[in-house]
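In order, the protein sequence lines correspond to chains F and D. Heads up: take any position in the first sequence, counting from 1, add 1066, and you land on our numbering. Heads up: take any position in the second sequence, counting from 1, add 68, and you land on our numbering.
Since the hints were made in silico from the structure, they are not lab data. There may be inaccurate statements among the hints.
[What the hints assert, rightly or not] Dumping the calculated SDA-like pairs for lysine to any residue here, alpha-carbon to alpha-carbon at most 25 Å: (1) F:K1089 <-> D:F191; (2) F:K1089 <-> D:P204; (3) F:K1089 <-> D:A114; (4) F:K1089 <-> D:S197; (5) F:K1089 <-> F:D1129; (6) F:K1089 <-> D:G206; (7) F:K1089 <-> D:A164; (8) F:K1089 <-> D:S167; (9) F:K1089 <-> D:E131; (10) F:K1089 <-> D:V93; (11) F:K1089 <-> D:L177; (12) F:K1089 <-> D:N103; (13) F:K1089 <-> D:A156; (14) F:K1089 <-> D:P205; (15) F:K1089 <-> D:E172; (16) F:K1089 <-> D:E105; (17) F:K1089 <-> F:S1177; (18) F:K1089 <-> D:R189; (19) F:K1089 <-> D:H163; (20) F:K1089 <-> D:P196; (21) F:K1089 <-> D:E159; (22) F:K1089 <-> D:T195.
[To be verified] Across the chosen pairs, the derived CB separations fall in these ranges: (23) D:H101 <-> F:E1212: 26 to 34 Å; (24) D:G137 <-> F:R1211: 52 to 60 Å; (25) F:F1075 <-> D:R200: 47 to 55 Å; (26) D:R95 <-> F:Q1115: 18 to 26 Å; (27) F:V1189 <-> D:R200: 33 to 41 Å; (28) D:P146 <-> F:R1193: 16 to 24 Å; (29) D:D171 <-> F:D1095: 34 to 42 Å; (30) D:A164 <-> F:P1128: 38 to 46 Å; (31) D:Q88 <-> F:F1075: 27 to 35 Å.
Keep in mind that this is a model prediction, so the values were computed, not measured. Note that the Cβ used here is the ideal one computed from N, Cα and C, for glycine as well.
As a plain string of letters, each chain reads:
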Amino acid sequence: MRGPLGDRFSPGVHDPEGRFTEKERAIADWLLSQNPGLCIHPRHRDPAQEGPSPDAMVRTDPDDHGTLTEFKTLDEASTTSIKQNARSAIRQVLPFGNGDVVLDGRAVGLSEADARVGHARLVGERRQHGRPMPRTFTIILGDSRELTWRADV
Amino acid sequence: MSEIEHILLQSGLSPEETAQRLAEVLRGRIVRHDNGEIAVRRQAAADPIRSIGGEVIENEYGEDDPEPGEESVYDRYPIVFEVWLSGATDEDMLHAEASRLFDEIVAALPWPAVHTRVGGRLFSASTPSLGRTDYPPGTSSTATSRALWGPYAHP
């Protein structure tokens, strides 16, 4: 649920029930390592859920209503894999009015060159078809650096 | 919902009509989303409290004119059945359930079909003329494994 946490806001990854998978938790931990002030919760996984359900809610401060965030871990280091995972992730957040997407290319050693080409092709394709990009699109590279693009700039 | 598997289909029908046929064959139920998309879901065999299935959409994962080296098995399949498991993420259960759906689809319908994970592992493909093949571990839906999926790319 979106909404400010107020006094309950506390930086960290909050997953006492272990709802994040190992791969999702790795991305949440990486986000926190980049910004230790983030408050990250897994979203509830209701077995009766019949629609899209992004992975996490990320808040930056006590007044932040939260940003739905979808995590994807790449199976291979290719521009095609970037585009297809991004398309899938964006489909998860758009029904909620958009959100953030994080692709993790660490395990497959994703290069900056492939990440930039994949992003450029994705932007071109979505522009051509009138489809929006996520609010923020982050790719974690093989060396743990990141590339991040914002849709509003 | 990090984990999704895809069943690519060449049904010759619209997403709506394809979903109706899938619901019949899979003994599933139609779910309509607020954004106009149609989904087919049924009770998961391994855990009755969960459901398996997903949206039946026009393929927005393939490309009409891919750059050299960026071809994928998605490019010539017009329909994608997005398969996901409700409840907590469980990759093994998702794969088992999605494989079951694929088996039932290709056994009952004369449609070219491919079972894959988004942007990565390619599991199986089937057409009436080529028959069915199950790919070895490490096979990709992208250009790196084109020699293996090529015969099924233009059903």
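Structure-based check of all given hints:
1. F:K1089 <-> D:F191: Measuring from Cα to Cα gives roughly 21 Å; hence the hint holds.
2. F:K1089 <-> D:P204: Since the Cα atoms of K1089 of chain F and P204 of chain D sit roughly 24 Å apart, the hinted pair holds (cutoff 25 Å).
3. F:K1089 <-> D:A114: holds, 23 Å
4. F:K1089 <-> D:S197: violated, 39 Å
5. F:K1089 <-> F:D1129: Distance of about 29 Å is beyond 25 Å: violated.
6. F:K1089 <-> D:G206: Holds: K1089 of chain F and G206 of chain D sit about 19 Å apart, inside 25 Å.
7. F:K1089 <-> D:A164: Satisfied, since the Cα-Cα distance of roughly 20 Å is no more than 25 Å.
8. F:K1089 <-> D:S167: Holds, because 22 Å separates the two Cα atoms, which is no more than 25 Å.
9. F:K1089 <-> D:E131: Violated, at about 28 Å.
10. F:K1089 <-> D:V93: Violated - the C-alpha atoms of V93 of chain D and K1089 of chain F are around 34 Å apart, more than 25 Å.
11. F:K1089 <-> D:L177: violated, 36 Å
12. F:K1089 <-> D:N103: Judged against 25 Å, a Cα distance of about 29 Å means the pair is violated.
13. F:K1089 <-> D:A156: holds, 13 Å
14. F:K1089 <-> D:P205: Answer holds: K1089 of chain F to P205 of chain D is near 20 Å, not above 25 Å.
15. F:K1089 <-> D:E172: Given pair K1089 of chain F, E172 of chain D is violated - Cα atoms ~30 Å apart, limit 25 Å.
16. F:K1089 <-> D:E105: violated, 29 Å
17. F:K1089 <-> F:S1177: holds, 19 Å
18. F:K1089 <-> D:R189: It holds: about 17 Å lies between the C-alpha atoms, which stays within 25 Å.
19. F:K1089 <-> D:H163: Status holds; Cα separation ~17 Å.
20. F:K1089 <-> D:P196: Roughly 38 Å separates the two Cα atoms, so the pair is violated.
21. F:K1089 <-> D:E159: holds, 11 Å
22. F:K1089 <-> D:T195: violated, 34 Å
23. D:H101 <-> F:E1212: 26 to 34 Å: Distance hint for H101 of chain D, E1212 of chain F holds at roughly 32 Å.
24. D:G137 <-> F:R1211: 52 to 60 Å: violated, 24 Å
25. F:F1075 <-> D:R200: 47 to 55 Å: holds, 53 Å
26. D:R95 <-> F:Q1115: 18 to 26 Å: For R95 of chain D and Q1115 of chain F the Cβ distance comes to about 21 Å; the hint holds.
27. F:V1189 <-> D:R200: 33 to 41 Å: holds, 37 Å
28. D:P146 <-> F:R1193: 16 to 24 Å: holds, 22 Å
29. D:D171 <-> F:D1095: 34 to 42 Å: With Cβ atoms ~38 Å apart, the hint holds.
30. D:A164 <-> F:P1128: 38 to 46 Å: This hint holds: roughly 43 Å between Cβ atoms.
31. D:Q88 <-> F:F1075: 27 to 35 Å: Since Q88 of chain D and F1075 of chain F have Cβ atoms about 47 Å apart, the given range 27 to 35 Å is violated.
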